[in-house]
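Using the sequences plus the hints, can you model the full thing?
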Amino acid sequence: MPELRRSTRASTVEATKRLEEPPVKKAKTSAAEKKSATKTETESEVNELPKPAENESHKQKSAELEVGDEIPDLTLLDENENEVSLKEVAQKSKFLVIFAYPKASTPGCTKQAAGFQRNYSDLQALDTAVYGLSADSPKSQMSFVTKQGLKYPLLSDPSRKLISVLGAKKSPSGVKRSHWIFVDGKLTIKKIQISPDVSVDSALKDVQRLEQESGDANGAKEEEGKDSKQNGGKKD
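Under UniProt numbering, the first residue of the sequence shown carries the number 1, and numbering increases by one thereafter.
By construction, these hints were calculated from the structure, which means they are not laboratory data.
Certain hints may be false.
Claimed, not checked - Here are the simulated DSS-like cross-link-like pairs (lysine-lysine), alpha carbons at most 25 Å apart as the crow flies:
#, residue 1, residue 2
1, 161, 139
2, 186, 92
3, 111, 205
4, 190, 94
5, 103, 170
Unchecked claim - Estimated spans, in silico, between C-beta atoms of each pair:
#, residue 1, residue 2, range
6, 63, 216, 32 to 42 Å
7, 105, 217, 33 to 43 Å
8, 216, 143, 38 to 48 Å
9, 69, 212, 21 to 31 Å
10, 105, 193, 14 to 24 Å
11, 103, 205, 21 to 31 Å
12, 176, 218, 29 to 39 Å
13, 195, 67, 31 to 41 Å
14, 218, 172, 41 to 51 Å
15, 213, 173, 34 to 44 Å
None of the values given here were measured: they were computed from a predicted structure.
Where a beta carbon is used, it is the ideal one built from N, C-alpha and C, also for glycine.
Below, the structure is given as C-alpha cells:
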C-alpha cells in the first residue's frame, strides 16, 4: 500500500507542474515575412485577373470603316425624326455621299451645307444620294434645314456611333469635318478633317470621276461582248 500512495502523489505532482507551465508561444511572424506573403498573394491575384487588350487603340482603329468595306447596318433619325437605314439608302442609289460637320448652323458648317445644296442637282443627275451628318439633335437639324433651305436630309447621331465608325469622332465630344462616298454600298472615297470648300468641291469631282470610270468599264465590257458574239464565242 505505501507504494501505491507514493505513485499517486507523484502523478499529482506531475499534473500540477503541467498546469503551472506556461503554454508554448508560437513564434511571431516578422514584418519582412508578412510583407513577402502579402506581395506573393497580390502577385497571385494580379496573375488571375483577365489581361487587358495588348493594343486597345489598334482594336478601336480596326473597327473603323476603311475603303472597300460595306456600309454599316445602322439606323439614325433625320431632321423629321424619321428612321433612316443606311443599308436601304445605299441600295436605292448608285452613289451615296455622307458629309459630317461639327455643329449645325455655325459658319463653317453652314458654308459646307450650302455648298452641297449648290451642287445637289448635279449630284442627283449622277444618281447620287446626299446626307449631312452631325451629333446635333433632330430639332437642331430641322432648324438648320429650314434656315438654309436644304433639299437633302440631315442625320442626327448624338451618340456619335456612325461618326465613330466612319472615323470622324473627335475627343472628347467633337466631330471632324469629313465626307465619304459609297459606290453600290461600298466605301470608295474617305476624306477626314477637311475644309468646307474642299469637301464640297472634291465630293462632286470625285463622283463625276467615279461615274466616268464606271461608264468606261461598262463600255469595255460591251465591246468585249460584241467581239465575243462576232467570233462565235470563241477566244483566240
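Verification of the hints:
Restraint check: the Cα-Cα separation between residue 161 and residue 139 comes to about 19 Å, which is no more than 25 Å; the hinted pair holds. A distance of roughly 13 Å separates the Cα atoms of residue 186 and residue 92; the hinted pair therefore holds under the 25 Å criterion. Between residue 111 and residue 205, the direct Cα distance comes to roughly 18 Å. Compliance with the 25 Å bound is thereby established for this hinted pair. Between the alpha carbons of residue 190 and residue 94 the distance comes to roughly 17 Å, so the proposed pair stays at or under 25 Å and holds.
Distance restraint check for residue 103 and residue 170: the Cα-Cα separation of roughly 12 Å lies within the 25 Å cut-off, and the hinted pair is therefore satisfied. Between residue 63 and residue 216 the C-beta distance comes to about 35 Å, which sits within the given range of 32 to 42 Å. Checking the proposed 33 to 43 Å range against residue 105 and residue 217 shows it holds: the Cβ atoms sit about 41 Å from each other. Our hint of 38 to 48 Å for residue 216 and residue 143 holds, since their Cβ atoms are close to 43 Å apart.
A beta carbon spacing of about 24 Å between residue 69 and residue 212 agrees with the range 21 to 31 Å that was offered as a hint. In this structure the supplied range 14 to 24 Å holds for residue 105 paired with residue 193, their Cβ-Cβ distance being about 21 Å. Checked against the given bound of 21 to 31 Å, the beta carbons of residue 103 and residue 205, roughly 26 Å apart, stay inside it. Here the CB-CB span from residue 176 to residue 218 is close to 35 Å, well matched to the stated 29 to 39 Å.
With their beta carbons about 21 Å apart, residue 195 and residue 67 fall outside the hinted range of 31 to 41 Å. A hinted range of 41 to 51 Å holds for the C-beta pair residue 218 and residue 172, which are about 47 Å apart. The hinted range of 34 to 44 Å is satisfied by residue 213 and residue 173, whose Cβ atoms lie roughly 38 Å apart.
Figure legend: structure checked against the earlier numbered hints; the only hint not met is number 13.
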